[in-house]
Amino acid sequence: MSEKKKNIFADHKIMSRAMKDSFMKLNPRMQVKNPVMFMVFISAILTLVMFGFSLAGVRDAHPGYILAISVILWFTVLFGNFAEAIAEGRGKAQADALRAGRRDVLANKIESIEHKDKIVQVKSTELKKGDLVYVKANEQIPADGDVVDGAASVDESAITGESAPVIRESGGDRSAVTGGTTVISDWLVIKVTSNAGEGFMDKMIAMVEGASRKKTPNELALQLFLVALSIIFVLVTVSLYSYSVFSSDQMGSVNPTSITNLVALLICLAPTTIGALLSAIGIAGMSRLNQANVLAMSGRAIEAAGDVDILLLDKTGTITLGNRQADAFIPVDGHTEEEVADAAQLSSLADETPEGRSIVVLAKERFDMRGRNMAELHAEFVPFTAKTRMSGINYRGSEIRKGAAEAIKAYVEEKGGVFSKACEETAARIASQGGTPLVVAKDGRVVGVIQLKDIVKQGVKEKFADLRKMGIKTIMITGDNPLTAASIAAEAGVDDFLAEATPEGKLEMIRDYQQRGHLVAMTGDGTNDAPALAQADVAVAMNTGTQAAKEAGNMVDLDSSPTKLIEIVKIGKQLLMTRGALTTFSIANDVAKYFAIIPALFMGLYPGLSALNIMGLHSADSAVLSAIIYNALIIIGLIPLALKGVKYREVPAAKMLSGNLLVYGLGGIIVPFAAIKVIDVLITVTGIVG
Numbered sequence: 001m002s003e004k005k006k007n008i009f010a011d012h013k014i015m016s017r018a019m020k021d022s023f024m025k026l027n028p029r030m031q032v033k034n035p036v037m038f039m040v041f042i043s044a045i046l047t048l049v050m051f052g053f054s055l056a057g058v059r060d061a062h063p064g065y066i067l068a069i070s071v072i073l074w075f076t077v078l079f080g081n082f083a084e085a086i087a088e089g090r091g092k093a094q095a096d097a098l099r100a101g102r103r104d105v106l107a108n109k110i111e112s113i114e115h116k117d118k119i120v121q122v123k124s125t126e127l128k129k130g131d132l133v134y135v136k137a138n139e140q141i142p143a144d145g146d147v148v149d150g151a152a153s154v155d156e157s158a159i160t161g162e163s164a165p166v167i168r169e170s171g172g173d174r175s176a177v178t179g180g181t182t183v184i185s186d187w188l189v190i191k192v193t194s195n196a197g198e199g200f201m202d203k204m205i206a207m208v209e210g211a212s213r214k215k216t217p218n219e220l221a222l223q224l225f226l227v228a229l230s231i232i233f234v235l236v237t238v239s240l241y242s243y244s245v246f247s248s249d250q251m252g253s254v255n256p257t258s259i260t261n262l263v264a265l266l267i268c269l270a271p272t273t274i275g276a277l278l279s280a281i282g283i284a285g286m287s288r289l290n291q292a293n294v295l296a297m298s299g300r301a302i303e304a305a306g307d308v309d310i311l312l313l314d315k316t317g318t319i320t321l322g323n324r325q326a327d328a329f330i331p332v333d334g335h336t337e338e339e340v341a342d343a344a345q346l347s348s349l350a351d352e353t354p355e356g357r358s359i360v361v362l363a364k365e366r367f368d369m370r371g372r373n374m375a376e377l378h379a380e381f382v383p384f385t386a387k388t389r390m391s392g393i394n395y396r397g398s399e400i401r402k403g404a405a406e407a408i409k410a411y412v413e414e415k416g417g418v419f420s421k422a423c424e425e426t427a428a429r430i431a432s433q434g435g436t437p438l439v440v441a442k443d444g445r446v447v448g449v450i451q452l453k454d455i456v457k458q459g460v461k462e463k464f465a466d467l468r469k470m471g472i473k474t475i476m477i478t479g480d481n482p483l484t485a486a487s488i489a490a491e492a493g494v495d496d497f498l499a500e501a502t503p504e505g506k507l508e509m510i511r512d513y514q515q516r517g518h519l520v521a522m523t524g525d526g527t528n529d530a531p532a533l534a535q536a537d538v539a540v541a542m543n544t545g546t547q548a549a550k551e552a553g554n555m556v557d558l559d560s561s562p563t564k565l566i567e568i569v570k571i572g573k574q575l576l577m578t579r580g581a582l583t584t585f586s587i588a589n590d591v592a593k594y595f596a597i598i599p600a601l602f603m604g605l606y607p608g609l610s611a612l613n614i615m616g617l618h619s620a621d622s623a624v625l626s627a628i629i630y631n632a633l634i635i636i637g638l639i640p641l642a643l644k645g646v647k648y649r650e651v652p653a654a655k656m657l658s659g660n661l662l663v664y665g666l667g668g669i670i671v672p673f674a675a676i677k678v679i680d681v682l683i684t685v686t687g688i689v690g
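Residue numbers (the working numbering): 1 to 690.
These are calculated hints, taken from the structure and not from any lab test.
Treat the numbers as computed from the prediction; the structure is a model and nothing was measured.
There's no promise every hint is true.
Claimed, not checked - Derived lysine to any residue pairs resembling SDA-like cross-links, with alpha carbons at most 20 Å apart:
id: 1; residue 1: Lys191; residue 2: Asp104
id: 2; residue 1: Lys677; residue 2: Ile72
id: 3; residue 1: Lys469; residue 2: Asp496
id: 4; residue 1: Lys191; residue 2: Glu111
id: 5; residue 1: Lys20; residue 2: Pro640
id: 6; residue 1: Lys136; residue 2: Lys191
id: 7; residue 1: Lys33; residue 2: Glu219
id: 8; residue 1: Lys461; residue 2: Lys473
id: 9; residue 1: Lys191; residue 2: Asp131
id: 10; residue 1: Lys644; residue 2: Met15
id: 11; residue 1: Lys457; residue 2: Lys473
id: 12; residue 1: Lys461; residue 2: Thr563
id: 13; residue 1: Lys129; residue 2: Glu551
id: 14; residue 1: Lys644; residue 2: Leu657
id: 15; residue 1: Lys677; residue 2: Val689
id: 16; residue 1: Lys123; residue 2: Gln140
id: 17; residue 1: Lys13; residue 2: Lys92
id: 18; residue 1: Lys409; residue 2: Thr385
id: 19; residue 1: Lys128; residue 2: Asn108
id: 20; residue 1: Lys116; residue 2: Asp186
id: 21; residue 1: Lys136; residue 2: Asn108
id: 22; residue 1: Lys364; residue 2: Arg324
id: 23; residue 1: Lys191; residue 2: Ser153
id: 24; residue 1: Lys453; residue 2: Asn481
id: 25; residue 1: Lys123; residue 2: Glu139
id: 26; residue 1: Lys136; residue 2: Ile119
Kindly generate the complete structure, drawing on both the sequences and the hints.
Written as structure tokens, this is what we have:
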């Protein structure tokens, strides 16, 4: 699903589809879903009818002027439709790509794991929840499921966009597979977890194309506010017309205020700018999340991400690199650091674990000990076992072993050696600092200690500092003991930590914060994370995780990157900022248009109002026509901002709010005055309005 970011306006396919959809959305049943724009739609129909009457001689303005107003109102409706359609465009393109990659296949259905040879081929659409299927190399996985037997490399590029295969195997947290992905080596037995049409790919297609997008509570609340404003402006417009009729009767003059002008005035004063863009902002926010390879199960989850103030983060893979690495060689009992490095590297040459490889690399970096040719060593390598808890090498008559302190102590004492107090103290000190000590012995004598430690990812401390500026508290979750957890938490710069974490402990912590009024986000991948994910306000499940975790979460990270949670919060905040900024701009626009139009509209009735016509607009008709042209064009002008979102900055909410009020509030007042004046001059010079 991942794709290179490109200018959506440069994609001719998306643009042509959006233009077509703009006309398709003129259906009244679709228009009524947006009350503000529905009012514009009704006004466009009304002015078109008035134009028809004007041709028959029943008119309150010149037919050409009425037609111009009607045409501009229709364009306003179409521009609002286009804003929503262009926002939906990328999602529909992604949905088309997903549909193209999915196909109905024949599934190898089996009765049990023990009888893989007894295969019944059925269509993938006929599979039901609970069925067992056998998938071999180069076959497409027919449905969502959990691996119950086997291990294989799986190509998930159809979903994640990443070409590198991933390992899926039975048991653990890497057992979930998705229908539509392909096994590229070995085989799997999969237990189907969803019926036809209810799979992950089906949900993804529905979400990315916007078919199942529902308005969020904040969006609904804002829409109600906009409807209330519109009703107020309807009453204001009707009152103005009644007052102008009354005043003209009292003065014995002709009423200079036409119904056409008042209909146009209503549309100019109503919050049509944000009304037209509101849906596009929400769809674009979900699209940005999709571009980050995160599938949100609801728009509410994205909004909640913007309001999150507590982040629960796994230590391993999120804060640290995921595997402990060698950090130091510490000699004891009179040996040198180089001797420890030499013995440690020799004992780790056949150790393919990340820790073993890091020991070899550290010895090379510290003492230029290059890789040794194992074939030429003629050595006997002793592999690690859970029973001995150590590994090593027998080389040129010497025995070198490395392992846990207790295991090496038993080994040394068995050989008649002494496990010195200095070694015990060194191992204890490393453990107290959050590290892992591996003791190295040669020929029954302790040489030194290797210090393994969790390596905190570069830059995470700065990220957490940025989150702190935004008022977000970060909490590290780890299974480590409190001493180790405290050490890593201090190095990483998180605000708090939960050590020796259990599913119950995570759940209790989330509930506690929620009861105190906080919004909590967390990420997880295992079945044991499911209760906490279900409780969290924003719950990001890893795509590599179990089916239980994905069902409990309200977002799924297709990249399975634990750090994605930070990006999700930023996208959520950007969505809220964009909606707030454009609402501020729209309301400021309405205020400006009110003071720009009203004096020009009524100065024929009250000449004294000409003093308030500070822009020197030519006439009432030119003022109204200029304002309604601007009203339509500003929607098009703001579509790129609605799609891209307001630029995100890691600053406190109060500072962000004041900045947006200054930029979009002040800008919303200045821009209409300037634009309406320019349009007024142009239509006057060209003779469109006399």
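These are the hints, each one checked on the structure:
1. Lys191 with Asp104: The given pair, whose Cα atoms are some 18 Å apart, holds under the 20 Å limit.
2. Lys677 with Ile72: holds, 18 Å
3. Lys469 with Asp496: Distance ~16 Å between Lys469 and Asp496 Cα, so the pair holds.
4. Lys191 with Glu111: holds, 11 Å
5. Lys20 with Pro640: holds, 19 Å
6. Lys136 with Lys191: Within the cut-off at roughly 15 Å; holds.
7. Lys33 with Glu219: holds, 13 Å
8. Lys461 with Lys473: This hinted pair holds, its Cα atoms lying about 13 Å apart.
9. Lys191 with Asp131: Between Lys191 and Asp131 the Cα gap is close to 6 Å, so the pair holds against 20 Å.
10. Lys644 with Met15: This hinted pair holds, its Cα atoms lying about 16 Å apart.
11. Lys457 with Lys473: holds, 19 Å
12. Lys461 with Thr563: Holds, at roughly 13 Å.
13. Lys129 with Glu551: Roughly 15 Å between the alpha carbons, so the hint for Lys129 and Glu551 holds.
14. Lys644 with Leu657: holds, 19 Å
15. Lys677 with Val689: holds, 14 Å
16. Lys123 with Gln140: Holds - the C-alpha atoms of Gln140 and Lys123 are around 12 Å apart, at most 20 Å.
17. Lys13 with Lys92: holds, 11 Å
18. Lys409 with Thr385: Between Lys409 and Thr385 the Cα gap is close to 16 Å, so the pair holds against 20 Å.
19. Lys128 with Asn108: holds, 13 Å
20. Lys116 with Asp186: Answer holds: Lys116 to Asp186 is near 14 Å, not above 20 Å.
21. Lys136 with Asn108: holds, 9 Å
22. Lys364 with Arg324: holds, 18 Å
23. Lys191 with Ser153: holds, 17 Å
24. Lys453 with Asn481: holds, 14 Å
25. Lys123 with Glu139: Within the cut-off at roughly 14 Å; holds.
26. Lys136 with Ile119: holds, 12 Å
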